[in-house]
Amino acid sequence: MTDLINLLYQCGDAFAFLVLSSLGLAVIFGMMGVINLAHGEFIMCGAYVTVSVTRLGVPLPFAILSGALVAGIVGIALERLVIRHLYGRPLDSIVATWGISLIATQGTLIVLGSSLPGIGTPFGSVPFGGYSYPIYRLVLIGAAVLLLVGLYILFNATRYGTVARATIQVPHMAEALGVDTRLVYSLTFGLGAALAGLTGGLYAPTMTIVPTMGATFLMEAFATVVIGGADVFIGTAPAAAALGVIKAVATSWEGQLAGQIALLVAVIAMIRILPNGVSGWLLQKRSS
Amino acid sequence: MIRLIHLLEGPQTLGRGRLFWAGFILVLLIAIGFPVMTDGYTVGNTVYFLDWVFMALGLCLIWGYCGALSFGQTAFFGLSGYVYGVMTVDLGSAHGLTIAALLASVVVSALFATVLGYFMFFGRISGVFLGIVTLSITLVFERFMSQTAGPEWHIGKARLNGYNGMNNMPPLTLPWFGGDLVLFPDIGLYYFVLALVVLVYLGLRMLVNSRFGNVLVAIRENPERAEMLGYDIRRYQLAAFVIGSALAGLSGTLYTSWGQYITPSSMGLAAAALPIVWVAVSGRGDLTATLVGTLIVLAGFQALTIYGSQYALVVMGFLLVVTVLVAPQGLIAGPIYTLLRRRLRRDDAL
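Residue numbers (this note's numbering), protein chains in the order written: chain A, 1 to 288; chain B, 1001 to 1350.
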């Protein structure tokens, strides 16, 4: 019983990490077909802002939101400056965002030094059956689920969502109907960046704040998006759930690195079976 | 034989005609005479530059010609370096064993690329995902090697040493009459690597101008069309990937034997970016542009590292963004394309 709860907790923890790491990436990729290799740096940006704002005495939840906000604004600015010119050139957009990521990582190192003093993890932990569970991890799991629900509502029940989906499906038609598609692309990229920033803020109390911290999230995020495919809801969420179980089992069996290797092996095996990811496969089944 | 020589020129390479080859021979002669004009340290330093050329040329083949962007070339680089390290530390360097280690490490890279490439290309991953998977593999590989610090991580006598990396591997030795020739990073190694560069460059020229190369370009331009024409594009992509990755492995081995050390960080995120920078900035669509551009960017990068090491990566990042936005065909190949196009138009007008 204790072991089961322990494993469930680990799975939930891994699930939250995968969902939160990948949501921003998945939104930008799913909606716009752009792989944003600077994703990790948006996360890093959110974490830096969160930590700095917390140190000014602002309560943590507001600090996290400000981290998301700043990352979102930076995202919109970048979309205007660089990404906008690269639609329809996916490989070039990878290379350009990669360049941005280099500038951001090294620039942060130069300007702010090699690390920021962290902020402690709030809430403490509960003991249960010989193990001790940090409550903050449960908050993260809740945040991941809430974000998924929130995004679903955003894309299915708001005007922005309708317009965004229309723009993604048939851009010319949307434009002909009076949608400002450029604005939609800007906002969507900003949304993805803000989600990344939020992730950074949420995980800021749990990790060391260094300029290269984005790389910690990068592989997990990629793995989830590759397996999930282009659709955030029917792809990313189930992919994160499946990978969460795989990662948690491998981690509790052999340690952190085994978890990552298991993740990678799962990805490579999966793309052999489902090249378009879970969502691609589901959509294909639905249409045939 | 004559057909092979004809393959040196063709539609897939920009450098053509008497003028180009005259320039090629001139540059080659200068390169051969170079050690006489300068000191041993500079020669050794130049070898360091030449070591990287193979990885760049390999990526040029995979990305520029075949249109598949691999972010994971440093995985093969590192793998090869470690295989060379383990083999030479365990087996020693007598009787030309280092050459055997060099070949073995390249073969291991190629085998690893075959397995990985099978899953990727036969899984039909599209361009964007390919980059992600290869990058993830590189990152995992780096993390794996980083945690091998403990004494339990050894293969024979060779300790993997975690983040500190392996060192004290013997340099390359060539079996020679009356005793092995030890190739310290000096004139001997310089000629050895220079000869390899020329061989690989000319070999790749023949490859891309052959039927194989034409198919690769057809796949890059339009995979569906190439498939409709009856080519199994997966095999061609896999072959290009394996050749390119073996070349990355060759770079790794040469680098390891040059500096006699290899660390996990030579596979990490920053290291993985470098080949992309060289090839993208030079012009990924042409071997000659990649070769020349890589050497220029490397020299510039080293100057930057000496005078302001922190800014080197920032400059690299800017260079990438600017290249992609302003000259997507590369800062070296781009202007040449423009010139050629103008000449073609003039010929048409006549």
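Please note that a few of the clues may not be correct.
[Claimed, not checked] Some, not all, of what chain B presents toward chain A, calculated at C-beta under 8 Å: (1) Ile1032; (2) Pro1035; (3) Met1037; (4) Leu1069; (5) Ile1125; (6) Val1133; (7) Ile1137; (8) Gln1147; (9) Leu1269; (10) Leu1304; (11) Ile1306; (12) Tyr1307; (13) Gln1310; (14) Val1314; (15) Gly1317; (16) Leu1320.
These are calculated hints, taken from the structure and not from any lab test. For glycine and all other residues, C-beta sits at the position ideal for the given N, C-alpha and C.
Results of checking the hints against the structure:
For the restraint placing Ile1032 (chain B) at the interface with chain A, the shortest Cβ-Cβ distance is roughly 35 Å, beyond the 8 Å limit, so the hint is violated. Against a cut-off of 8 Å between C-beta atoms, the interface hint on Pro1035 (chain B) is violated, since the closest Cβ of chain A lies about 35 Å away. Restraint check, Met1037 (chain B) versus chain A: the minimum CB separation of about 36 Å is more than 8 Å; hint violated. Against a cut-off of 8 Å between C-beta atoms, the interface hint on Leu1069 (chain B) holds, since the closest Cβ of chain A lies about 5 Å away.
Hint status for Ile1125 (chain B) relative to chain A: holds, with the closest Cβ pair at about 5 Å, below 8 Å. About 7 Å separates the beta-carbon of Val1133 (chain B) from the nearest beta-carbon of chain A, less than 8 Å, and the hint is met. Hint status for Ile1137 (chain B): holds, given a least beta-carbon distance of 6 Å to chain A, under 8 Å. A least Cβ separation of about 6 Å between Gln1147 (chain B) and chain A falls short of the 8 Å threshold, and the interface hint therefore holds.
Using the Cβ-Cβ criterion of 8 Å, the hint placing Leu1269 (chain B) at the interface with chain A is satisfied: the shortest such distance is roughly 5 Å. Interface restraint check for Leu1304 (chain B): the shortest CB-CB distance to chain A comes to about 12 Å, outside 8 Å, so the restraint is violated. The interface hint given for Ile1306 (chain B) is broken, as the beta carbon of that residue sits about 17 Å from the closest beta carbon of chain A, more than 8 Å. Given hint, Tyr1307 (chain B) at the interface with chain A, is violated; its Cβ is 15 Å from that chain's nearest Cβ, farther than 8 Å.
Hint status for Gln1310 (chain B) relative to chain A: holds, with the closest Cβ pair at about 5 Å, below 8 Å. Residue-level restraint check for Val1314 (chain B) holds (minimum Cβ-Cβ distance to chain A is 5 Å; threshold 8 Å). With a least beta-carbon distance of about 3 Å to chain A, the hint placing Gly1317 (chain B) at the interface is held under the 8 Å criterion. With its C-beta approaching chain A no nearer than about 3 Å, Leu1320 (chain B) sits inside the 8 Å limit, and its interface hint holds.
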